[in-house]
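**Student:** Please arrange chains B and C on chain A, whose structure you already have, making use of the hints.
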Amino acid sequence: MLIFATTILLTVVAMIFMMVWNSMPTIKQFGIGFLFGRDWQPASDIYGALPFIYGTIVSSLIALIIAVPLSLGIAIFLVEQAPKKVATPIAFLVELLAAIPSVVYGLWGIFVLAPFIRNYLGVFLQDYFGWLPLFQGRLTGIGMLTGGMIMALMVTPIITAVVRDVLEVVPTQQREAALALGATKWETTKIVLGNAASGIAGAVVLGLGRALGETMAVTMVIGNSPQISASLFEPAYTIASVLAANFAEATDSLYLSALIEMGLVLFLVTFVVNGFAKLLVARVAKGTGTAKVT
Amino acid sequence: MSEAIHNRRKFVSSIMTTVTAACAIFAIAVLILILSYIAYRGIAAINWEFIVSTPKPVGEGGGIGNAIAGSAMMTLLASLIGLPIGIGAGVYLAEFGDKWYGNTIRFLSDTLIGVPSIIVGIFIYTLIVLPMQRQSGLAGAIALAIIMIPIVARTTEEMIRLVPKSMREGALALGAPQWRVTWDIVMPAAASGIATGAMLSIARISGETAPLLFTALNSRFYNWYYDKPMSSLTVQIYNFATGPFEVEHQMAWAATLILVGLILVINIIVRIFTRKKF
Amino acid sequence: MRTFAKIFLATILTLNLILGLACSGDPIGGGDGTTDSSGNISLQGAGASFPKPIYEKWVNEYQKINPKIRIDYQSKGSGGGQKDIIAEIVNFGASDDPMKDEDMEKAKGEILHIPTVLGAVVMTYNLEGVDKPLNLTPEVIAAIYLGDIKKWNDPKIAADNGDVKLPDAEILPIYRNDSSGTTAVFTDYLAKTVPAFKEKIGASKQPNWVKGVGAGAPRNDGVMGQVKQTPNTIGYVEIAFAKANKLPTALIKNKAGNFVDATIDNVSAAAAGSIKDMPEDMRVKITNAEGDNTYPISSYTYILVYKQQKDAVKGKALVDFLWWAVHDGSQYAKALHYAPLPKEVVEKVEAKIYSITADGKPLREKAKAAGE
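Chains as they are written, first to last, in the working numbering: chain A, 1 to 294; chain B, 295 to 572; chain C, 573 to 944.
Isolated chain A, as found in the complex (with noise of 0.2 Å):
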């Protein structure tokens, strides 16, 4: 069990040692200033990460505000609402979400999902709540909206099994014994998800860092263009779509070497994010009192 353990802890070292080592041209160059950089020009072997961090840290997080909710609300359903034999092809029908390949979803998105937000969606978002910045701009259907949102759909199997998972071991004892009390099903839901808090979590964890390597259908549709914009419907870049779009073209070495430390930066930057989560999930934990779930 150990080697197995200790295989992932190898994989990495070997990976970060790579991507260090690959990426040494521009840690050179650049030093610390690449990663506050906001411009990318690589005919004038000008590279500056900013507006990609931007873009892969806002994309994710558009699609952690709508899957989140939608997750949490499939999973309740699932396991606190729906009769077992409505439940089980319901939560079979989701997971296969999952099994939809990226590039298939950005197909879809590129066809369907950018028609629907410019000739609707952006529309309306325009027309009541154009006054925010958020909002404003042109309206193309391609960008950091339409690659949020397309994420948002890819992340919510994931967070929903999890959820599930998790609302499921809640032993059945608690829900009887709130329901005894006179709780609604509401209220007893409500109890289950203190109970269920910390491994909550964990599964929203597990999407945002899928949201975060997200690269073939988010490339299709974000529009790729390195800007740090406050309007979601402009087009936006993320650090692994750059790669996928780059990466076999590249043969000047210091291009190679910024784009291997984007692929550096994105290891930070799930660090960071995973740094930030654990010490959300202690400190939920910590406010449940006894009330974890293990």
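What the hints contain is simulated information worked out from the structure, not anything from laboratory work. It cannot be assumed that every hint is accurate.
Stated by the list, open to error - Within a straight-line C-alpha distance of at most 25 Å, the following computed DMTMM-like cross-link-like pairs (lysine to aspartate or glutamate) qualify:
(1) C/Lys678 / A/Asp45
(2) C/Lys815 / B/Glu389
(3) C/Lys636 / B/Glu389
(4) C/Lys906 / B/Glu463
(5) A/Lys28 / C/Asp931
(6) B/Lys304 / A/Asp45
(7) C/Lys800 / B/Asp478
(8) A/Lys28 / C/Asp673
(9) C/Lys770 / A/Asp252
(10) C/Lys906 / B/Glu542
Claimed, not checked - Quick partial rundown of chain A residues pointing at chain C, CB under 7 Å, derived from the structure:
(11) Gly37
(12) Thr88
(13) Gln126
(14) Ser231
(15) Glu249
(16) Ala250
Even for Gly, the Cβ is constructed at its ideal location relative to N, Cα and C.
**Tutor:** Here is chains B and C on its own, set in the frame of chain A:
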């Protein structure tokens, strides 16, 4: 007064039931939308020849038989490498992983899950393709296995941790050694959860394109050797979809339909299998 | 790094063996086996996606004549083809863009550039109610991408399109945002012809586009999709994408002052018109070439091979295939929207093929070739 409060509570409760049901219906609606769109675009190009033959130049027909075989072979090898390592690591994390080493491994697994698959592809390119001086099915399978391991490890851990403490304590109290408790009590109780995790991870890797592009590459031929470039459905779909020809685009949708169909079948089989056992 | 890699590889392989799954076939780690058990000779090529349809056609037809020779070509991008030939993990690479000197130096041997066919980059657009091909000058195209021309009914566009009714709509130019050979050809052309473009954007596989002008899309299919989907757009794509999808393409004003279409003959003319500029190693850009009918945004695509082949049997197979491709193979080019090499260039290619050796001996001898 208390009557009113009671009614309000009941009302809130029924609202929430509706909301959660709506969430489920929404997700299923999206699924049906996507699947029917794939079927609509792809069904016309599917026939027996398409499923069994190898690619031909544009406009001369041809098919994706070698890609189906290659995907199956690489997924199989990736699972053979990835599942034991992943499940083993998961057991370690759940049973012995509360010290600093376990915490480190857990943290690294979570990080590894977030690494974009293209990075894994680049990693394997420098690590295996360059020393071996060839792109190969083996390299592709290892890349897929690396993606699989942390997913399996974390779900396995979650599932094992969910097994009630009382079950282990009972067995330990009866004098069973720790490994027997893990093997005979904890693992069976967590098996269906672990299988779900494994299934999700297989579904995930069989849809991966990016890590195969630089490792397994693709091939025009049926290839049964792991040390040669190997075709895969996803890379083939990517090639079809990014080309200029409408015939190829249609083949991309047809191959997608087959890929999603295969994944669907795997899902159903695993589901039946795990249900029978418990 | 190498030792480290080997240890990692050994661990994985041992694990693999424990699981009872040895890899069969040729021994792993050793050189590429020359022939497999059935006596077939296999060659692996990878690189540019632009010539993929014609290369697939060639290897397929060639196998019909020589069933023992199994050639596999896979597209992964020009840069990928260059990297793979430098790393010696393929028998031949393919690239639309000639390799840079610094990259050539990374390789362990001398790499030859063998031009195979010609392609063109065309301007395609989405304009409702315009069914006659637009006439565009390089100055107008550059001004659109620089943001100086903003509307379709701008007098500068109208000047060359007398009877076409242009809409009063904003132009949305689409560019490639990935590193691409298509962009290299397109920007090379505009930088050669328009000083302002050279100064502000420049010629590059991935130049610095003017901020706030236009939108980016990945790959040829991405640009094509954007133009097809969005009204009032203009974009540049490889000719096959426009022809195979029946998109409108603009006539471009060439060096001689004529507006020409990207027909196959006009693209071949670009190669013929620039033959005097062709260097000995054949690495050349042929945009804005001389000639009355020359289509100005044209380019070669290359196969990359080592001059000294390591394996005589494979080297011979490769050389024979290249010979066949530029001679008999050229008949398949037109149907797939490529322009075949003009005769003068084929002669230069022949000389290059004769120069390929293994163990110090040429793999194809002149006398023998003449007898064929």
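**Student:** Hint by hint, say whether it matches the structure.
**Tutor:** Verification of the supplied hints:
1. Proposed proximity of C/Lys678 and A/Asp45 is supported: the alpha carbons are some 20 Å apart, at most 25 Å.
2. Annotation: proposed proximity of C/Lys815 to B/Glu389 is violated, straight-line Cα distance about 62 Å (limit 25 Å).
3. At most 25 Å may separate the alpha-carbon atoms for a hinted pair to count; C/Lys636 and B/Glu389 exceed this at roughly 61 Å.
4. For the suggested pair C/Lys906 and B/Glu463, the alpha carbons sit about 77 Å apart, so the restraint of at most 25 Å is broken.
5. In summary, the hint linking A/Lys28 to C/Asp931 is not supported, as the alpha carbons are separated by about 43 Å, beyond the 25 Å threshold.
6. Between B/Lys304 and A/Asp45 the alpha-carbon distance is near 64 Å, which puts this suggested pair outside the 25 Å criterion.
7. At roughly 61 Å between alpha-carbon atoms, C/Lys800 and B/Asp478 are farther apart than 25 Å, so this suggested pair is violated.
8. For the given pair, A/Lys28 sits about 24 Å from C/Asp673 by alpha-carbon distance, which is consistent with the 25 Å threshold.
9. Between the alpha carbons of C/Lys770 and A/Asp252 the distance comes to roughly 21 Å, so the proposed pair stays at or under 25 Å and holds.
10. Restraint check for C/Lys906 and B/Glu542: satisfied, since their Cα atoms lie roughly 19 Å apart, inside the 25 Å limit.
11. At a threshold of 7 Å, the smallest CB-CB gap from A/Gly37 to chain C is about 14 Å, leaving the interface hint violated.
12. Of the supplied interface hints, the one on A/Thr88 is violated, with its beta-carbon coming no nearer than about 34 Å to a beta-carbon of chain C, more than 7 Å.
13. The interface hint given for A/Gln126 is violated, since its Cβ lies 18 Å from the closest Cβ of chain C, which is over the 7 Å cut-off.
14. Taken as an interface hint, A/Ser231 does not check out: its beta carbon lies about 13 Å from the nearest beta carbon of chain C, beyond 7 Å.
15. For A/Glu249, the suggested interface contact is upheld, since its CB lies about 4 Å from the closest CB of chain C, less than 7 Å.
16. The restraint placing A/Ala250 at the interface with chain C holds, with a minimum CB-CB distance near 6 Å, inside the 7 Å limit.
The structure does not agree with the numbered hints 2, 3, 4, 5, 6, 7, 11, 12, 13 and 14 stated previously, though it agrees with the rest.
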